[in-house]
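Protein sequence lines, in the order shown, are assigned to chains Y and V. The first sequence begins at 1 in this note's numbering and counts up one residue at a time. The second sequence begins at 480 in this note's numbering and counts up one residue at a time.
So these bits of chain V aren't anywhere near chain Y, every CB distance computed over 10 Å:
{"hint": "1", "residue": "S499"}
{"hint": "2", "residue": "L504"}
{"hint": "3", "residue": "R506"}
{"hint": "4", "residue": "Q552"}
{"hint": "5", "residue": "A632"}
{"hint": "6", "residue": "V719"}
{"hint": "7", "residue": "V726"}
{"hint": "8", "residue": "A758"}
{"hint": "9", "residue": "A767"}
{"hint": "10", "residue": "W802"}
{"hint": "11", "residue": "E808"}
{"hint": "12", "residue": "N818"}
{"hint": "13", "residue": "Q825"}
{"hint": "14", "residue": "L861"}
{"hint": "15", "residue": "D883"}
Restraint ranges, calculated between C-beta atoms of paired labels, are given here:
{"hint": "16", "chain 1": "V", "residue 1": "D799", "chain 2": "Y", "residue 2": "H114", "range": "44 to 52 Å"}
{"hint": "17", "chain 1": "Y", "residue 1": "V232", "chain 2": "V", "residue 2": "D883", "range": "52 to 60 Å"}
{"hint": "18", "chain 1": "Y", "residue 1": "V232", "chain 2": "V", "residue 2": "G623", "range": "28 to 36 Å"}
{"hint": "19", "chain 1": "V", "residue 1": "R555", "chain 2": "Y", "residue 2": "H338", "range": "51 to 59 Å"}
{"hint": "20", "chain 1": "Y", "residue 1": "G152", "chain 2": "V", "residue 2": "G631", "range": "41 to 49 Å"}
{"hint": "21", "chain 1": "Y", "residue 1": "D420", "chain 2": "V", "residue 2": "G623", "range": "30 to 38 Å"}
What the hints contain is simulated information worked out from the structure, not anything from laboratory work. C-beta: ideal position from N, C-alpha, C; glycine also.
Now for the letters of each chain:
2 protein chains.
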Amino acid sequence: MNALTEPSLMEPRGSHLAASLPAALDRLLSALLERRWTTSASDRLTHGSDESSYLPCPPWGVAYPQSTDEVAQIVRLCSEHRVPVIPYGAGSSIEGHLLAVAGGVSIDLSRMSHVLAVRPEDLTATVQAGVTREALNAALSGTGFFFSVDPGANASIGGMVATSASGTNTVRYGTMRENTLSLTVVTADGRVVRTASRARKSSAGYCLTQLFAGSEGTLGIITEVTVRLHPVPEAIAAAVVTFPDTVSAVRCVMETIQLGTPLARAEMLDALTIRAINAYSGMTLQQAPTLFLEFCGSEASVAAQSELVAGIAAEHGGSDFAWATRPEERSRLWKPRHNALFAALQLRPGSKSLTTDICVPLSNLAQCIDETVQDIESSGLLAPVFGHVGDGNFHCLVLVDPNDATELQQAEQFSARLIDRAIRCDGTCTGEHGVGLHKKPYLVLEHGEDAVDLMRRIKRALDPHNILNPGKVVDVQVP
Amino acid sequence: MNALTEPSLMEPRGSHLAASLPAALDRLLSALLERRWTTSASDRLTHGSDESSYLPCPPWGVAYPQSTDEVAQIVRLCSEHRVPVIPYGAGSSIEGHLLAVAGGVSIDLSRMSHVLAVRPEDLTATVQAGVTREALNAALSGTGFFFSVDPGANASIGGMVATSASGTNTVRYGTMRENTLSLTVVTADGRVVRTASRARKSSAGYCLTQLFAGSEGTLGIITEVTVRLHPVPEAIAAAVVTFPDTVSAVRCVMETIQLGTPLARAEMLDALTIRAINAYSGMTLQQAPTLFLEFCGSEASVAAQSELVAGIAAEHGGSDFAWATRPEERSRLWKPRHNALFAALQLRPGSKSLTTDICVPLSNLAQCIDETVQDIESSGLLAPVFGHVGDGNFHCLVLVDPNDATELQQAEQFSARLIDRAIRCDGTCTGEHGVGLHKKPYLVLEHGEDAVDLMRRIKRALDPHNILNPGKVVDVQVP
Numbered sequence: 001m002n003a004l005t006e007p008s009l010m011e012p013r014g015s016h017l018a019a020s021l022p023a024a025l026d027r028l029l030s031a032l033l034e035r036r037w038t039t040s041a042s043d044r045l046t047h048g049s050d051e052s053s054y055l056p057c058p059p060w061g062v063a064y065p066q067s068t069d070e071v072a073q074i075v076r077l078c079s080e081h082r083v084p085v086i087p088y089g090a091g092s093s094i095e096g097h098l099l100a101v102a103g104g105v106s107i108d109l110s111r112m113s114h115v116l117a118v119r120p121e122d123l124t125a126t127v128q129a130g131v132t133r134e135a136l137n138a139a140l141s142g143t144g145f146f147f148s149v150d151p152g153a154n155a156s157i158g159g160m161v162a163t164s165a166s167g168t169n170t171v172r173y174g175t176m177r178e179n180t181l182s183l184t185v186v187t188a189d190g191r192v193v194r195t196a197s198r199a200r201k202s203s204a205g206y207c208l209t210q211l212f213a214g215s216e217g218t219l220g221i222i223t224e225v226t227v228r229l230h231p232v233p234e235a236i237a238a239a240v241v242t243f244p245d246t247v248s249a250v251r252c253v254m255e256t257i258q259l260g261t262p263l264a265r266a267e268m269l270d271a272l273t274i275r276a277i278n279a280y281s282g283m284t285l286q287q288a289p290t291l292f293l294e295f296c297g298s299e300a301s302v303a304a305q306s307e308l309v310a311g312i313a314a315e316h317g318g319s320d321f322a323w324a325t326r327p328e329e330r331s332r333l334w335k336p337r338h339n340a341l342f343a344a345l346q347l348r349p350g351s352k353s354l355t356t357d358i359c360v361p362l363s364n365l366a367q368c369i370d371e372t373v374q375d376i377e378s379s380g381l382l383a384p385v386f387g388h389v390g391d392g393n394f395h396c397l398v399l400v401d402p403n404d405a406t407e408l409q410q411a412e413q414f415s416a417r418l419i420d421r422a423i424r425c426d427g428t429c430t431g432e433h434g435v436g437l438h439k440k441p442y443l444v445l446e447h448g449e450d451a452v453d454l455m456r457r458i459k460r461a462l463d464p465h466n467i468l469n470p471g472k473v474v475d476v477q478v479p
Numbered sequence: 480m481n482a483l484t485e486p487s488l489m490e491p492r493g494s495h496l497a498a499s500l501p502a503a504l505d506r507l508l509s510a511l512l513e514r515r516w517t518t519s520a521s522d523r524l525t526h527g528s529d530e531s532s533y534l535p536c537p538p539w540g541v542a543y544p545q546s547t548d549e550v551a552q553i554v555r556l557c558s559e560h561r562v563p564v565i566p567y568g569a570g571s572s573i574e575g576h577l578l579a580v581a582g583g584v585s586i587d588l589s590r591m592s593h594v595l596a597v598r599p600e601d602l603t604a605t606v607q608a609g610v611t612r613e614a615l616n617a618a619l620s621g622t623g624f625f626f627s628v629d630p631g632a633n634a635s636i637g638g639m640v641a642t643s644a645s646g647t648n649t650v651r652y653g654t655m656r657e658n659t660l661s662l663t664v665v666t667a668d669g670r671v672v673r674t675a676s677r678a679r680k681s682s683a684g685y686c687l688t689q690l691f692a693g694s695e696g697t698l699g700i701i702t703e704v705t706v707r708l709h710p711v712p713e714a715i716a717a718a719v720v721t722f723p724d725t726v727s728a729v730r731c732v733m734e735t736i737q738l739g740t741p742l743a744r745a746e747m748l749d750a751l752t753i754r755a756i757n758a759y760s761g762m763t764l765q766q767a768p769t770l771f772l773e774f775c776g777s778e779a780s781v782a783a784q785s786e787l788v789a790g791i792a793a794e795h796g797g798s799d800f801a802w803a804t805r806p807e808e809r810s811r812l813w814k815p816r817h818n819a820l821f822a823a824l825q826l827r828p829g830s831k832s833l834t835t836d837i838c839v840p841l842s843n844l845a846q847c848i849d850e851t852v853q854d855i856e857s858s859g860l861l862a863p864v865f866g867h868v869g870d871g872n873f874h875c876l877v878l879v880d881p882n883d884a885t886e887l888q889q890a891e892q893f894s895a896r897l898i899d900r901a902i903r904c905d906g907t908c909t910g911e912h913g914v915g916l917h918k919k920p921y922l923v924l925e926h927g928e929d930a931v932d933l934m935r936r937i938k939r940a941l942d943p944h945n946i947l948n949p950g951k952v953v954d955v956q957v958p
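Just chain Y, same shape as in the assembly (with noise of 0.2 Å):
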């Protein structure tokens, strides 16, 4: 399968989107949540787009949900009548999976905002699956204890787990995936299922919490989210060093791990993103790969990885270390990496991102990064690089615009090449965005039929009729 035989990424289809919403289901929704259920045009458009490239394809319509409950109410009204419901946090999503190719109802979880629980004797908080990280880590503040997982955009939590999503600090304190300890979940029947106990661990049966983990809305609608905390660290310092190329940068930061130094953040930016920076902000970073670090721990402990890193660094070739610890400091050293993807967007006024999502083994990340980098020169795309090298994952963001079709192909081509070469390197053609739309003709690519075949078996077995958002991840036929 290849990614140039789906439909274009402007023009996501459902081939059996049907007409129209069926009258009774919208009098069932209209007397279950009166207000809180819409078909207004713009509430319809808003919750059929997310940050991809693809044009909107909106849903029938819209309901607010409060609780579980009432979600649970929806889905059975929905699954008695065949229509596809898409769960709907914060919009951020970016490879399509919001799009209602075949028709239904988009369920917005965002008036799902509360924080059900914070326990600091755990380290864990359960919250309802609108709520978002900022928000989280707002209503911890004071604790002693955050909420690790940083994606960049302020996603909501259930969308985060439905996504597996991670960021910037995974490489200190993992995925969503491993800081996820229980769901509620709405089945395709609209039965209510807790995923498992607030255990720590637990080998008591099939682990359904990483089974919807990652499932996108396709096996289940997510309401409610046990994750980990952790102590806030006594003392956290910023780091910035500049390398003369790719494959120096990285071998910093992969020896770095080797040691055992736990690093919080290992962020590369290429000679383009930084150029972009400049550009944006004014400032007048040197032009060439540049990491963003951090680390925490004690004062002491934080103190000694720094030292051991500007050594490493100097070995490769690192110049302009540069490092801070008061919080105003941090951020000024930080604040070009937190700019990078508005900076990234204005190289290009008007243009959209195609954005890439590749992760590899370790070993192969330098390479893998130089011949992207040198694809991108040869074919002519405007495309800054930058990523959490400390997992393995980068992103080109690959600026298009989005009513050029032949450019559109010439990204979706080079991004076609990139992810062969992910998997040629034992990797994944996405690392924390998902599937979505965009990434279904790759699974295949990079799991094999057979183990595609699985996924198909499960997503047949926990939604046989196919509404549950119908079209991402993987294609199944309803008998």
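Given chain Y's structure and the hints, the job is docking chain V onto it.
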């Protein structure tokens, strides 16, 4: 459902236990494996037992494959004849996982004992499923890296994934689940599937790795495993400290964890276990709840951790804080913990242990242990208690005469009360041992009927003829 309405502990039954191996299958397996296929009584007996107090339930024959391809061929032959297959690793499971309750073929993976790759740059290794954890660590000797999961027994890596095992240093390094990157699995119809790439993280479709982990051979047979490695720490320190009561010992560990101190191990032994050790090893340890701790990191960090914990312990009435950093001293200090299992069994020579395995949120642990020790005292059972208190997981070794039905029933009743108590605390019936035969009745109590229904659907989807270790984890009807 109630454990006591299930087949008794000593008499696993297979209602659909066929009389014998189909002669045609016997001929085919002989032709395929020659002398690596046997129906000898002694081999069958060994492979129908585990470390539980169940009486043996032998398979019809034992196959010793040497490769994934051979496992696939065996499964295809068995699948055609609808004959059960039961994967066998090191035989160290303790919930009846290996008993051939429906007859069938035991697939002994011990000859698949090759370490296929060690990749220090990626912090991973790939092994055949029959490699034991000690063999893997021997192969890693001198590399500067180690494999962290230590369930006590010298289990096979495949078996450890299949039961989602963990052990003493989970509090620092995570369970087998978090240390498994990718699996090669033979499916019910004999296809070979690789569940994931070697990327450190991925969002590429449903997480098959975590679905097969903990599935106890009921969804597929794990033949190869890619695990994470960790750098050998620069310094390790061991400490032992005695407490006036269980609550104080547990509170000491909780506070240490809340401060973000990276404990490598945190084990508690109750007074009875200490009495057993004194008798077994001729020692004179104080008969009181005792913590065995381990710290690791840089030398400075280890010293700082140890000082911090000594202070916390003192606040909770801890006394006789002893610590050591040199390997031989650390060994000496921890020797009682390593001998705990054997010492405990010697409290009653000739007995077997019905070993419980609950795990609860940390905030409920002290009370749960306290109530359990009172229950033991009032029920007149002999049951040392010890566990991985940093994870909220502890074991009672209920010492029973395996030929005394009344005593076995009392032990089962105690176990049922303990599990009830754990589930009331929002914990699990099994933290690391798995379900096997023994915990099946408790899955509905823990997860609810709807969650177990999802597990059954997954089982039927992946093993429609119920040939993969039938009768374990969940019961399903074959159409």
